[in-house]
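Peer 1: Chains as they are written, first to last, in my numbering: chain U, 1 to 328; chain F, 1 to 328; chain H, 1 to 328; chain X, 1 to 328.
Incorrect hints may appear among the rest.
Okay, the calculated beta carbon distance ranges per label pair [said to hold, decoys possible]: (1) 297/X with 141/F: 44 to 52 Å; (2) 25/X with 280/F: 56 to 64 Å; (3) 110/X with 137/U: 35 to 43 Å; (4) 1/U with 35/F: 51 to 59 Å; (5) 83/U with 296/F: 38 to 46 Å.
Below are the PhoX-like pairs computed for lysine-lysine, each with C-alpha atoms no more than 20 Å apart in a straight line [as the list claims (entries may be wrong)]: (6) 308/X with 327/X; (7) 327/F with 308/F; (8) 27/H with 27/X; (9) 27/U with 27/F; (10) 327/H with 308/H; (11) 308/U with 327/U.
Derived contacts from chain H toward chain F, CB cut-off under 10 Å, selection only [unchecked claim]: (12) 52; (13) 196; (14) 214; (15) 274; (16) 276.
Just so you know, the hints here were simulated from the structure itself, not pulled from any lab data. Note that the Cβ used here is the ideal one computed from N, Cα and C, for glycine as well.
There are 4 protein chains.
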Amino acid sequence: MIDFCQFGAGRIGAIHARNIRNHPNAKLRIVVDPDHGAAERLAGRYGAAISNGTDALADPAINAVVIASSTDSHAGLVEAAARAGKAVVCEKPIDLDRRQAEACAAVARECGVPLMVGFNRRFDPNFERIEQQMRDGRIGRLELLMITSRDPDPPPIEYVRHSGGLFRDMMIHDFDMARWLLGEEPVEVFAAASVLIDSAIGEADDVDTAVVILRAPSGALCQISNSRRSAYGYDQRIEALGAKGALRAENVVESTVSFAGADGIISDKPLPFFLERYAEAYRRELDHFIGVIVSGAAPLVGGEDGVKALALADAALESLRTGRAVKV
Amino acid sequence: MIDFCQFGAGRIGAIHARNIRNHPNAKLRIVVDPDHGAAERLAGRYGAAISNGTDALADPAINAVVIASSTDSHAGLVEAAARAGKAVVCEKPIDLDRRQAEACAAVARECGVPLMVGFNRRFDPNFERIEQQMRDGRIGRLELLMITSRDPDPPPIEYVRHSGGLFRDMMIHDFDMARWLLGEEPVEVFAAASVLIDSAIGEADDVDTAVVILRAPSGALCQISNSRRSAYGYDQRIEALGAKGALRAENVVESTVSFAGADGIISDKPLPFFLERYAEAYRRELDHFIGVIVSGAAPLVGGEDGVKALALADAALESLRTGRAVKV
Amino acid sequence: MIDFCQFGAGRIGAIHARNIRNHPNAKLRIVVDPDHGAAERLAGRYGAAISNGTDALADPAINAVVIASSTDSHAGLVEAAARAGKAVVCEKPIDLDRRQAEACAAVARECGVPLMVGFNRRFDPNFERIEQQMRDGRIGRLELLMITSRDPDPPPIEYVRHSGGLFRDMMIHDFDMARWLLGEEPVEVFAAASVLIDSAIGEADDVDTAVVILRAPSGALCQISNSRRSAYGYDQRIEALGAKGALRAENVVESTVSFAGADGIISDKPLPFFLERYAEAYRRELDHFIGVIVSGAAPLVGGEDGVKALALADAALESLRTGRAVKV
Amino acid sequence: MIDFCQFGAGRIGAIHARNIRNHPNAKLRIVVDPDHGAAERLAGRYGAAISNGTDALADPAINAVVIASSTDSHAGLVEAAARAGKAVVCEKPIDLDRRQAEACAAVARECGVPLMVGFNRRFDPNFERIEQQMRDGRIGRLELLMITSRDPDPPPIEYVRHSGGLFRDMMIHDFDMARWLLGEEPVEVFAAASVLIDSAIGEADDVDTAVVILRAPSGALCQISNSRRSAYGYDQRIEALGAKGALRAENVVESTVSFAGADGIISDKPLPFFLERYAEAYRRELDHFIGVIVSGAAPLVGGEDGVKALALADAALESLRTGRAVKV
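Could you build the full structure based on these sequences and the hints that come with them?
Peer 2: Below you can see the structure in the form of structure tokens.
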């Protein structure tokens, strides 16, 4: 049985807590959140205690730590938990600053604890199926990868201001997916972006619509597109073209029901947002993390992966400033 | 908190036990199964005790009983549980004999306990969406209902011999679905059937491929087809045509990934069988049952529904013998 | 070069005339229609002459006759054309009376001319692909065939009165399709039907919604459903289940464009009616007919096929009257 | 009646000749091709004469000229035909050299004859539907356009050497489509490309896999991808995202038939190549051209459009050389 301490009792924290509760080999022992009411509610629901971070990390009964608190607290908690000898899974990003993220990864390595970054999409069964079939050679050598990612609506402008910007907050998931599916590290990044949805986003020095091209050493190319708005729900698609064919992962929809009427054949929209679309991915991510702790294997997505995705985001920002393809 | 006793520690029992465990308002207290090893394993996994039926039903701490044992034990357990004042959810069928099933429903009524029959498909989110949209008038008056139901493979011949036959064992789900979606009681049944898959099924006096036509008082017609074999997995589709359009529920598939290659565009098959396809339905069925206990409302699908579906199965058998449409 | 005389300058006649015009080995020479204006317009468009039936059939330059005139004229024209030694393609039905249709087929046999019946759907590329793949053994032995056929709207009530009724006018196409795809002659027919769309159809002693079950000697079963109304256009689907899998032909739609918006994913409807849906089938039917004339091979669908489809329609009507499955 | 002279009796010439033959208001009078055998065969099939270019253009009976000859002859023929006062439709490109193409457009303007460029895809019913719905405001302001274009196989290396390269030969169609659907002129082009399919293509100083980003003055972005190989046939898709939703045009497939078996659900591939996929577009293109001649309206896609698409191709090549986004 793995005993968990969880930092963060918000929206994603609630998901992790429930998944821990439903996992046969896990138990949620402690919840830590500066919002005591939230901590108490979550802890109460799952029979956990509440505590402060210092005491929680000092508790020898705790094996594993989930960090689902606010982004600015991630780096400090990762280092503290690692130094306390706990296995750590941290929501992305470890830190908006790449050197700080690197430092965290280094601490975890030194302390010999597993550090996993919450790139939940790697655990989506559809994307995983694409990855497996590519590794099995179904499409032969990869030539072109296309990643489409559209949020239903822009986040609150206050969130935008502290998010690190679209490339580090949103497209970072796609950079990680690209690295994983390309199977090699991109060496060149070009980015173009616009403010088309809300001028306040531009005033916050961010963009809401963006496209990126990555080039891999083999010559394989990758197209990424992001939009902060999609009238039809959360749009998450991937397509990979290779010598022998193409793999496509379509959206996961609300139901298989369609209505055929005078206006056409109307089928259901994609699931509304990441909590619904990636519910299964979050479950499988936790299960993988527990497997890592039990087996001692390396996590599928570690601290270094967080750093490398951030490096692509930084390169995209530089490309945006310079109008040039940027070497990574 | 609702405290459960469950009869049956087999394949379906395992599903119910896990769903009880994951439900915030339920607790599995007692597991009963003549196979003590199975009972112990299941009880052990979820922190329940094992017991015998008599003691379990006498336990005043038990509020609710799940009957997932062998079919021939259902009727006796339903009556005993009802007389002990427990809320009962029983896997279909209550009994292969319609009068016996009627007697069970009567006992539950007398004892004032809710009796719910495990027609799990009513809780499938896709079929429920069809039902809701029909009730909301989306297709106007229903004219034609088509239900397609194909198992991946025939059951063991030993099972076939005691199953009551395809109409009472398999198509009974479709009869219930037809009653629910038609919104009126069918008055006429015609059946045709063949043995095409395994001659041993014919030797056991059963059929493996069957089609039925139901007629409702309004004139609405319903086509049902069943096959005991489907090379591509569990095929479960419904289509409803009305004055203003048609609703279709397509299969739930293993993933949204497709492969485009020299042989065509290959997409994933339907989920393999009912455990996978109706996993969500079983969860929602349990949740509904708990809601019934808490609120005192009538279950969506009660003892009478079990009896009426059985009456349609019996009429189909008579139609098969006589070559005539049979009035119900 | 095959020189054609065509009887009938109406809606279907226009299609045949254009297809003759566009065929490299055919020439439309004569158009005959009691409506002289219609005959002149059609003939003028394609450089043909107009004439009366007697002269046209006496013209030794004419090799082939298309009969696309009103149903009650078919039988007489078939016989006259056959006796004049012309190859004949006749729109379905040859006659509403089965003995009369048989007599026509006999005359054509005696005269040694090819007589082809316009069951255009056999030439639809999608249905032909299903037939080919079945003959190639892709699904193994056929177990269950499902044919869905829905017109967009009921025909004018005046048409209904002289149509011979839904089974002989509309479902006759499905009976032919069933015979073709089953690959054996059905031996039993059961029918149920209702008047749900327009009570005037009932007053004309016809039905507007109908379902039929056919049984073949092998035990293979066939479900047919027909409706005279479909809010979403012309619905024409076929599904065949066999030991090794299933083949499905979906509708042909107006475009491949879909719109994803707040109300769902809206894709285009099926093509509106038979003129559009079977445009390619009509072209290929004509091409097949010309091939028959040139090669001397038997047509894919001859006079006997018209008779046998009519026998199934008659059996369906008898089943409707008696409530029994009728042996054919 | 419009009387045509056609230059070129090859693969595309055969399509145009047949479409002229089947058009009610057109007649193919003269075929010109340096390969006299090919010219004779094509002319013979449609009752046309053969001639040389000079005589043909001098023939006052000719109203319209189709130029479907080899690319290096286009510019000369356009100018000669324009000076002879004929309406001209010329297969793309008018010339690989942008100034030469501009000169041709200028001559046509001076001579007051319509000059239409064969960007056939604008006449594809699916893409036209997307354009119409965008103009009708269905998706609101356009934010992101995605164009996917994959040939089934690379052309012969000899063709590659004289093609002007992927951007001017293949992606030029997508540049035209982008201009049309954006509804504004792109101002910035970035390109990345690789040789992944055949190293001989690289030795011919060309690429076989390419991605491009266009930026429009409004900030709208466009992603284009091209590949010279697609194991599953000719892949031609477009997607447009706007404020109110997205429009997608999927591939046109060989049939609507799918096979469900043990390996999955296998549906048919896209049509094999442009001759099949754009058969309807070629018909509608000719019909539009004839309408232009009759009505005096400007063609949907004129000489200037050919020049502007070429300018985008040239900018893409420059971006490829410099690694920078190039202003247009």
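Peer 1: Could you work out which earlier hints the structure fails to respect and list their numbers in ascending sequence?
Peer 2: Per hint list: 3, 4, 5, 12, 15, 16 violated.
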